[in-house]
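If you want the building blocks of each chain, they are given just below.
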Amino acid sequence: MSSTIRPGGETPNDFLQIDSLLDDEERLIRDTVREFVGDRVLPNVAEWFESGYLPKELAREMGAIGLLGMHLDGYGCAGTNAVSYGLACTELEAGDSGVRSFVSVQGSLAMYPIWAFGSEEQKQQWLPGMASGEIIGCFGLTEPDAGSDPGAMRTRARRDGDDWVIDGTKMWITNGGIADVAVVWAQTDEGIRGFIVPTDTPGFTANDIHHKLSLRASITSELVLDGVRLPADAALPGVVGLKGPLSCLNEARFGILFGAVGAGRASYEAALTYAKERVQFGHPIASYQLTQRKLVEMMVKVNKGMLLSVHLGRKHDDGTLTAEQISFGKMENVRDALEVAREARSILGANGITLDYPVIRHMNNLESVITYEGTNEVHTLVLGHAITGIPAFN
Amino acid sequence: MRIAVCVKQIPDPATPYDLDPVTHRVVRPNDQVLDDTDRFGVEVGLQLAEASEGTVTLFSMSPSGSLQGIRQALAMGADKAVIIDDENLAGSDALTTSRVLAAAIEREGFDLVIAGTESTDGYTGVVPQQIAELVDVPSLTFARKVEVTDGGIRIEQQTAGGYDVVEAPLPALLSVTSGVVEPRYPTFKGIMQAKKKPIDTLTAEDLGFSADQVGEAAAGQTITSVEPIPAREAGEIVEDDGEGYLKIVALLEQVKVI
Ligand SMILES: Cc1cc2nc3c(=O)[nH]c(=O)nc-3n(C[C@H](O)[C@H](O)[C@H](O)COP(=O)(O)OP(=O)(O)OC[C@H]3O[C@@H](n4cnc5c(N)ncnc54)[C@H](O)[C@@H]3O)c2cc1C
Ligand SMILES: Cc1cc2nc3c(=O)[nH]c(=O)nc-3n(C[C@H](O)[C@H](O)[C@H](O)COP(=O)(O)OP(=O)(O)OC[C@H]3O[C@@H](n4cnc5c(N)ncnc54)[C@H](O)[C@@H]3O)c2cc1C
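These protein sequence lines are chains A and B, in that order. Mapping the first sequence onto the working numbering, position 39 (from 1) lands on 39, and the numbers just tick up by one. Mapping the second sequence onto the working numbering, position 197 (from 1) lands on 591, and the numbers just tick up by one.
There could be a bad hint or two in this list.
Stated by the list, open to error - Just a few of them, taken from the derived set where beta-carbon distance is under 7 Å, the chain B residues facing chain A: (1) Tyr-579; (2) Pro-580; (3) Thr-581; (4) Phe-582; (5) Lys-583; (6) Ile-585.
Said to hold, decoys possible - Only pairs whose alpha carbons sit at most 30 Å apart, straight line, appear in this in silico DSBU-like list of lysine-lysine: (7) B/Lys-474 - A/Lys-123; (8) B/Lys-589 - A/Lys-123; (9) B/Lys-583 - A/Lys-315; (10) A/Lys-315 - B/Lys-641.
Simulated from the structure, these hints should not be mistaken for lab results. We put the beta carbon where it would ideally sit given N, CA and C, even for glycine.
The task is simple: from the sequences and hints, build the whole structure.
Okay, here's the thing in structure tokens:
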């Protein structure tokens with residue numbers, strides 16, 4: 001393991017010394033993930049991105065450290081606090097949004113519903129293997145005709161004797177093609193319910209989506225459920241209605257609001273280094289006021305984003321974080337990260353369009369991040385509703 | 395097997411640190427990290443302990459500070475730590491460091507002592523051998539591969555041209571090279587348990603040393619002056635006019651690499 005740069009003191013990356021808001025344990029978890037990303041992700045990710053691939057064995061390596069379902073308790077999960085989970089997401093996404101997405105989906109979207117709404121048997125059966133990375137999970141909510149409006153889903157689960165039979169199509173499902181188990185949300189007579197679907201069940205197929213120009217180091221798939229027959233105990237007993245999937249999304253969005261800061265930070269760092277080295281018109285481009293303004297705005301956005309994240313993380317840990325506050329963080333931090341990545345790309349000039357530098361990879365990835373888990377517009381409407389009391393969704 | 399692993403907390407090599415202009419000692423920040431080279435020792439210790447249902451105890455002489463470096467090693471899985479932290483130790487040289495560590499290790503009891511070959515900040519590379527001598531056990535140094543034998547330890551000892559196979563009965567001391575094993579990442583569970591693991595803090599007196607037996611008073615070594623590293627001079631540029639390779643060969647011969 002090579003040692004990696006650790007922040008501390010007045011580094012340009014931690015201008016506000018946000019480090020001082022973290023305790024030793026949180027810093028050690030953060031440093032461990034940073035090191036893992038430095039060893040395992042950064043040397044390979046350009047290659048993965050180019051070939052549209054994420055190695056499956058990464059799951060076990062991440063499981064061994066405790067990254068999968070890390071903020072859940074018991075069943076082989078590490079049981080860290082929420083701030084630590086967030087910091088891990090920041091470091092993972094400083095590597096690549098695709099790698100962070102893998103962890104978000106596994107922990108917050110696939111494991112969390114089983115942990116929160118599953119029966120004891122379901123938890124025992126699935127969670128330890130998912131925590132260790134032996135079992136890969138995915139989360140099927142979005143459909144071809146139901147994105148921002150998941151309540152409009154058409155996938156249906158009907159009773160047949162004791163069994164459930166599910167028909168429908170899910171779209172844009174992260175990890176779909178490599179998953180061993182899918183948590184699928186479907187309409188039932190009682191309302192929307194969650195089902196644990198082993199992906200080798202007859203009638204289940206996953207078709208990977210190709211030709212993506214964003215989040216390429218991540219598998220995105222269509223799930224087709226054609227008369228998928230499941231035993232009665234496949235349904236998650238603990239929740240009925242949209243609040244089931246939405247509470248999972250809240251967990252994942254919490255990770256994303258931290259994660260996006262990582263992508264922004266990595267872009268900013270690349271631009272800062274580049275600007276100090278690249279000489280044009282006889283001087284480093286960092287010496288021009290236009291460039292300095294860009295760099296300063298990036299630095300401010302990254303630091304502000306981290307400060308916001310840690311604040312929301314503390315609220316999560318003391319149980320006072322609201323869904324609207326998560327929307328605030330997801331909306332703002334992802335948009336800022338995308339702006340940082342775009343500015344960074346401009347500073348790198350022609351080099352900025354290659355995979356030799358991380359910037360355009362982050363920039364393109366963030367187009368997915370700003371879309372999934374509630375688009376920027378949807379979070380804006382959530383906040384609009386919160387401050388005016390008037391819903392403007394339809 | 396009771397395994398003692400020597401680990402050094404050092405200032406983070408990634409952030410520049412200062413030498414005191416008068417004493418020439420490293421100004422040690424509160425947050426020190428685990429010396430990277432000692433991670434290999436910890437990993438070897440953990441693997442041997444796992445195979446023998448043994449224990450791993452860390453030994454470190456340094457101002458404790460936030461104990462961040464020690465926690466890193468505990469988070470990897472070590473069972474406990476013994477720290478010798480004492481103002482009287484300030485200015486100790488390598489031999490005193492070895493005496494203090496040896497006394498702490500003997501007090502605790504051991505079957506095997508593990509150290510790095512050379513620390514990142516001090517790099518005298520003498521502490522392991524001195525400890526072996528002081529606790530009177532054979533030393534197996536520069537191990538690039540470690541194997542347990544019946545009642546002993548066998549290593550591949552790194553040499554300039556390859557390796558020697560060296561074997562000794564236990565108790566013994568082992569110094570390991572970087573690359574002997576792939577150190578594990580601390581696990582999150584380990585990180586959270588590290589807080590609860592016992593850390594004993596001892597003074598030099600606890601180990602039977604009086605104030606004049608340690609620290610600057612006892613140092614046989616003094617640092618007389620410290621110079622900044624000279625700025626690198628611009629290298630020589632060889633223009634290739636088709637015969638550039640000849641000039642390069644001549645240069646390489648001049649510095650006796652070929
Ligand atoms: C790489 C990737 C991975 C994904 N992984 C998963 C996954 O694992 N599981 C899963 O279930 N889903 C996943 N998704 C799907 C994702 O959650 C949806 O793409 C997202 O919810 C948006 O839905 P949509 O694409 O259908 O866009 P639409 O909902 O059709 O939106 C299109 C545009 O219209 C805007 N819009 C929609 N409604 C309104 C309104 N009322 N007012 C104003 N503007 C509006 C949107 O903001 C957006 O700009 C993933 C998507 C991507 C790109
Ligand atoms: C002038 C001077 C002043 C010093 N002042 C102080 C002081 O104020 N306070 C103080 O505590 N020490 C002090 N020291 C001790 C110093 O920090 C080193 O620990 C000591 O000199 C060992 O040298 P090294 O690092 O070159 O060891 P090396 O022989 O290069 O180290 C080899 C291996 O031995 C082990 N090891 C070495 N040092 C330690 C240690 N300290 N604890 C645990 N394991 C170790 C590690 O496993 C390491 O990989 C001072 C030393 C000098 C020369």
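Here is how each hint holds up against the structure:
Annotation: interface hint on B/Tyr-579 holds; nearest CB of chain A at approximately 5 Å, less than 7 Å. For the restraint placing B/Pro-580 at the interface with chain A, the shortest Cβ-Cβ distance is roughly 5 Å, inside the 7 Å limit, so the hint holds. The beta carbon of B/Thr-581 comes within 5 Å of a beta carbon in chain A, closer than 7 Å, and the hint placing it at the interface holds. For B/Phe-582, the shortest C-beta to C-beta distance to chain A is roughly 3 Å, which falls under 7 Å, so the interface hint holds.
Interface hint status for B/Lys-583: upheld, as the beta-carbon distance to the closest one in chain A is roughly 5 Å, under 7 Å. Given the 7 Å rule on beta carbons, the hint for B/Ile-585 holds: about 5 Å separates it from the nearest Cβ of chain A. With a C-alpha separation of about 34 Å, the suggested pairing of B/Lys-474 with A/Lys-123 is violated against the 30 Å cut-off. Taking the CA atoms of B/Lys-589 and A/Lys-123, the gap is about 28 Å. The hint holds against a cut of 30 Å.
Taking the CA atoms of B/Lys-583 and A/Lys-315, the gap is about 23 Å. The hint holds against a cut of 30 Å. For the hint pairing A/Lys-315 with B/Lys-641, the CA-to-CA distance comes to about 67 Å; that exceeds 30 Å, so the pair is violated.
When the structure is compared with the earlier hints, violations turn up for hints 7, 10 and for no others.
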